[in-house]
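All chains, full assembly: derive it from the sequences and hints.
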Amino acid sequence: MSISRRLASGGLIDRSRPLNFTFDGKTYGGYAGDTLASALLANDTMLVGRSFKYHRPRGIFSAGPEEPNALVTLRSGPRAEPNTKATTIELFDGLKASSQNCWPSPQFDLRAVHQLAGPLLNAGFYYKTFMWPAAFWEKFYEPAIRASAGLGALSGLDDPDTYEKSHAFCDLLVIGAGPAGLAAALAAGRAGARVILAEEDFVLGGRLLGDTAQIDGVSAASWAALAEAELGTLPNVRILKRTAVFGAYDGEYGAIERVSDHLQVPPPFVPRQRLWKIVARQCVLAAGAQERPLVFPGNDRPGIMLASALRTYANRFGVTPGRRIAIFTTSDYGWRSAFELQKAGAEIAVVVDARAEVSPEVRKLAGNAPQFLGAHVSDTSGYRRLTGITITDSAGKTRRVAVDTLGVSGGWSPSIGIATHLGGKGSWAEEQSAFLCDERPPGMQIAGAAAAQWTLAQALENGALAGAKAASQVGLGLQAQKSIVASDEASGATPMWLFKGSRRKAFVDLQNDVTATDVALAAQEGFRSVEQLKRYTTLGMATDQGKTSNVNGLAILAGEIRKTIAETGATRARPPHVPVAIGAFAGLHSGKHFKPTRLTSSHAASAALNATFVEAGQWMRAQWFNAPGENDWLTSVTREVKAVRSTVGICDVSTLGKIALCGSDVGTFLDRVYINTFSTLPVGKVRYGVMLREDGFVMDDGTTAHLTADHWVMTTTTVNAGKVMQHLEYCHQVLWPELDVQTVSVTEQWAQVAVAGPKSRDLLQALLGDAFDVSNEAFPYLACAEFHVGNIPLRLFRVSFSGELAYEIAVPAGYGEALFNALMQAGKPLGVTPYGTEALSVMRIEKGHVAGSELNGQTVARDLGLGRMMSAKKDYIGRTMAAREALVDSNRPTLVGLRPVDRSHRLRNGALLFARDVTPAPDTNAGFITSTAFSPDHNHWIGLGLLARGPERHGEIIRAWDPVRSGDYELEVVDPVFVDAEGARLRA
Amino acid sequence: MRIPCPYCGSRDSSEFSYSGDATLTRPTPDNADAMFDYVYLRDNPVGLHREYWYHAAGCHAWLKVTRNVSTHEVIEAVLAHDEAAS
Amino acid sequence: MLDLAYISAFSGLRSIGDGRGVIARERRGIAIATVMARKGQGTALAAAVKEHFDINLPLGPHGSGSVSTSFLGTGPGRWLVTHDAGTPRFVERLAQQLEGLASVVDQSDGVGLLRLTGPALLDVLAKGVAVDLNTTAFPAGSVAVTQIAHMGVTLWKVDETPTFHIAIARSMAGSFLHWLEASAAVTGLVADG
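Residue numbers (the working numbering), protein chains in the order written: chain A, 95 to 1082; chain B, 23 to 108; chain C, 2 to 194.
Bear in mind the hints are in silico, worked out from the structure with no lab data behind them. Hints may contain errors.
[As the list claims (entries may be wrong)] Below are the EDC-like pairs computed for lysine to aspartate or glutamate, each with C-alpha atoms no more than 16 Å apart in a straight line:
(1) K40(C) / D834(A)
(2) K968(A) / D52(B)
(3) K40(C) / E832(A)
(4) K335(A) / E184(A)
(5) K371(A) / D133(C)
(6) K686(A) / D253(A)
(7) K736(A) / E724(A)
(8) K599(A) / D473(A)
(9) K576(A) / D310(A)
(10) K779(A) / E880(A)
(11) K458(A) / E583(A)
(12) K519(A) / E661(A)
(13) K40(C) / E823(A)
(14) K967(A) / D52(B)
(15) K371(A) / D124(C)
(16) K371(A) / D344(A)
(17) K40(C) / D104(B)
(18) K594(A) / E654(A)
(19) K120(A) / D187(A)
(20) K576(A) / E324(A)
(21) K335(A) / D295(A)
(22) K40(C) / D759(A)
(23) K817(A) / E788(A)
Right under this line is the structure:
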């Protein structure tokens, strides 16, 4: 039966709302307003886990996000979240948590034998011990180390919850809602500024919640509640609770709101967490300060806690963590904690101050408790819980005092991490014994304890001033602020970094089990910069990023290398300031919503025809259509190809980029972006064009149609549509602003369907009837036209990618599905067959047309057999660079057709090409296969490839070498056009 | 990072694509050496830099942005078209 | 004669969640065109627009309109024009009216249009839009070409209710509705008509 450590009254918990929770399978009770840590302490459960390396018993150490010890796994199953801090988990009914890094339990951990090996596990242990044999690292050492050391484990199951992102804009972002933050938000909010007040905790107030001081005649906690109420009435102020600002970025801040972390399961449609991007003109960093622990032998036993945390547990949560409490301090705040604990009803056994002199007023705070000045704690006892401390007094005399709890207070470290995210560094201020930040992100002020304004009165005044200044910075008039009156407090402190005593370990970093000896050893071995110290010893790493350990660690290092703290400096803090789940960064964009999907207007109709879809950029395109009885894709594709070559097929080609070019200078403009000439293209005609990058390599290809005098439409490949648009905009905005050219994408406006095959004209005739004359005379190869049928505008292009008689017909996209269905309907008597991208690809390979695998960014026009298109009469983008010696070298791999000598052999893309008589090696390689297809026309596999001096080698037998797929076979080099070399069909 | 588009106003940098040094001028086609420098050679200055940014997800304007590449502070953004035409 | 059925972009719009946080309606039958000033014709174009439509051509990211026709500034020398009075072949007529002064390209089918309103609208839009839509920064009449969840959108604040008109590429209508449903369901999304 556990003892209740809950005080009979007091605290900010709601005693009318009891909650049940389980920790390591055991059920406990708490109240609304508790954290998991306060509820565990109320149930006299101090021991919550084992340490990282040595598996030493560890207890709750703090009352906030700086917690190094009390990391637990929250929830179970797919919602399990490892490494959450018990000190920040808001208690909810039915909460389940479990301890980490111990087996079978934190009370009895078998791996505690690591402590016996303690002397071996010192700084750099892994580097020194597991160096050899090298092969052992991956298979043996690393798995073994990971199994025994480390933090909690992920569930390995899909996260069932959702995450979202949001944007916010404000005049002033206030980070932290303690006294300074509240005062800043009030001052700026009253002045009319748009304010966002972000607080990590679920209650506003910060240190006010753990204080019994008076502000404006009311208790500190009441003042915080009143401030919140007033802020709530201001429409220009937004309060974000449970929201931690995790980083300052260029011109904006990142914050994570734990929307549903305090709930068993998020309600319908509510995300677990929300990631905020906050654009703030001004910022007040009022993140407070963290109390520094003291480093002395045996300082890690469960029951040893920050003195301010003891005070918070008593005042905010109505819990006294121990029966008999000792205080060990080097600051006036330790005495203040003793005072408040006594006031709450706890027994203070002794106050030990390492300073020789302490003012009488401060000493009065300890009441009747025995006091030792100029003394220190030199040893402790107790395994699963502290049982006593040894005090060495100023005369060197030792005495033992039985206590179960020790509060330590080594002064305060301002929380300036976010201020240094843009590259500023903290600098040591000797007077305040703290790192302060002068070089801050633009528009940021630091206020309150984060600026070493330690006392309550200072923090309130400083915060109000910062808020008012921020408001005036954004152009709002200064408002007369009523001053806030707070009770006075002593704030003297003298930092002392290391106390000697017994031979027990004196821990600097509790989370990473780094001791004072480790720091000394690192210095001795030459790791004398703080950044090296961090990496070598792991000091300040992992989830708490050294919030309680960094300053002590570097101060001890400074002592070892005989430098000042200012000279030694601090490690640079980088975002995120608190851990952020990857899911929050992804937001909605997980699974198939990773990126938007674009659907063609014929998508549903194609799905109804059993299409299999393939991603092409963001588009989904029909890859092939499965007919009854077909079991493999090749059967379907072959059928589709045969249908197009013998009768007629239709294929949605709407995904090709379509760019309208308007203006009187489009012809001139196209001459400059394409390698061939367009200014001579008459209205009503289409021409194929190739454009280069300025470095001379091919960028994209496609056709451009001259619709009316001042209106042209260009097509691009599906994946390059955006890139070509950007390129054209660059050309006419930057290079040739004098031209009368306007461009706009019309990809989305037109649904376009290719109608291909010897009976394609018949099909269009059937579809259009008398509306348009599609005869060869009226509408020859490479003609284009725009006309209306009723009120529906249509565009018709006589272009062919398949090599057959073919057209592309376009209608406004709203009619796209109807057009596709109408073509299927009208084509029924002709045996019309829908075909997908695979059949399209087979036919373009049979025709030797280049596509994405040949336009790979490494080929020039000559490589693709398109050298003759390069006009010598004009300048165009890429012309000069394409003339470079290496790019006109006749030895360059050039487009060829390939067919297997053994006709039954399948070709595969990527196979390397070699002359028949050479040994395959990088320097004998003559090219590679770029595209392959099974040709129904030839009834065997064919390919396109880039082969050195290819055009001279037609008829030669070469070798395809494909070691990854165990391929080594002979190919015959042929002309790349396998079907209808004369081009008679497309002109039919 | 936020970029002050002269047309659209302050926008997130994710709406833009970056295209490097905006102080270069495309040389005449007959000058192969100058063209090589134009295509490949870039200075890597500390501090202020003029760069092209394309407002791809906004007004489609090409901008010349003056930016401190050390601090990421954006000093000025103008329409490249206006500068090129003047 | 060819007779094709028309399908609007947002035929998949549906209600989700409890409440009326966001009310969405597809704007159908709207003629839409991109209007781009010809080289050196900006002033003459503004005069022509004033003459034909009694509209002051906006020179920045704003909209101005008459009862049925609106010109939205979407870029330097570029406007998106919407017309909802059902004039047949409106875009062709517009092209004739602005002949020589602007290039006019039909986009009536390229984008889907939604009218969005409701008390939760600004909070919902903030989940996708990285532009300050608050009244002080984005008063009624403001236009923004921007993106939501990697999808290009054109937003126009019609009034301070607030009511927004929003244009999205037709092919992305399904993905956009996924974003809208996921973002608005918590306050309730009502498909109105």
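Structure-based check of all given hints:
With a C-alpha separation of about 5 Å, the suggested pair K40(C) and D834(A) falls inside the 16 Å cut-off, and the hint holds. This hinted pair checks out: K968(A) and D52(B) have alpha carbons roughly 11 Å apart, not beyond 16 Å. Distance check on the hinted pair: K40(C) and E832(A) sit about 8 Å apart at the alpha-carbon level, within 16 Å; holds. For the suggested pair K335(A) and E184(A), the alpha carbons sit about 12 Å apart, so the restraint of at most 16 Å is met.
At roughly 12 Å between alpha-carbon atoms, K371(A) and D133(C) fall within 16 Å of each other, so this suggested pair holds. Our distance criterion of 16 Å between C-alpha atoms is met by K686(A) and D253(A), whose separation comes to about 15 Å. Our distance criterion of 16 Å between C-alpha atoms is met by K736(A) and E724(A), whose separation comes to about 15 Å. For the hint linking K599(A) to D473(A), the alpha-carbon distance of about 10 Å falls within 16 Å, and the restraint holds.
For the hint linking K576(A) to D310(A), the alpha-carbon distance of about 11 Å falls within 16 Å, and the restraint holds. Of the pairs offered as hints, the one joining K779(A) and E880(A) holds, with about 11 Å between alpha carbons and a cut-off of 16 Å not exceeded. Only pairs whose Cα atoms come within 16 Å are accepted, and K458(A) paired with E583(A) is accepted, the gap being roughly 13 Å. Between the alpha carbons of K519(A) and E661(A) the distance comes to roughly 13 Å, so the proposed pair stays at or under 16 Å and holds.
The hinted pair formed by K40(C) and E823(A) meets the criterion: a straight-line CA distance of about 15 Å does not exceed 16 Å. Of the supplied pair hints, the one linking K967(A) and D52(B) holds, its CA atoms being roughly 13 Å apart against a limit of 16 Å. With a CA separation close to 13 Å, the supplied pair K371(A) and D124(C) stays within the 16 Å bound. About 11 Å separates the Cα atoms of K371(A) and D344(A), which keeps this hinted pair within 16 Å; it holds.
Our distance criterion of 16 Å between C-alpha atoms is met by K40(C) and D104(B), whose separation comes to about 12 Å. Restraint check for K594(A) and E654(A): satisfied, since their Cα atoms lie roughly 14 Å apart, inside the 16 Å limit. Note on K120(A) and D187(A): the hinted pairing holds, with a Cα-Cα distance of about 14 Å set against a maximum of 16 Å. For the proposed pair K576(A) and E324(A), the alpha carbon gap of about 14 Å is at most 16 Å, so the pair holds.
Restraint check: the Cα-Cα separation between K335(A) and D295(A) comes to about 6 Å, which is no more than 16 Å; the hinted pair holds. Taking the CA atoms of K40(C) and D759(A), the gap is about 10 Å. The hint holds against a cut of 16 Å. With a CA separation close to 14 Å, the supplied pair K817(A) and E788(A) stays within the 16 Å bound.
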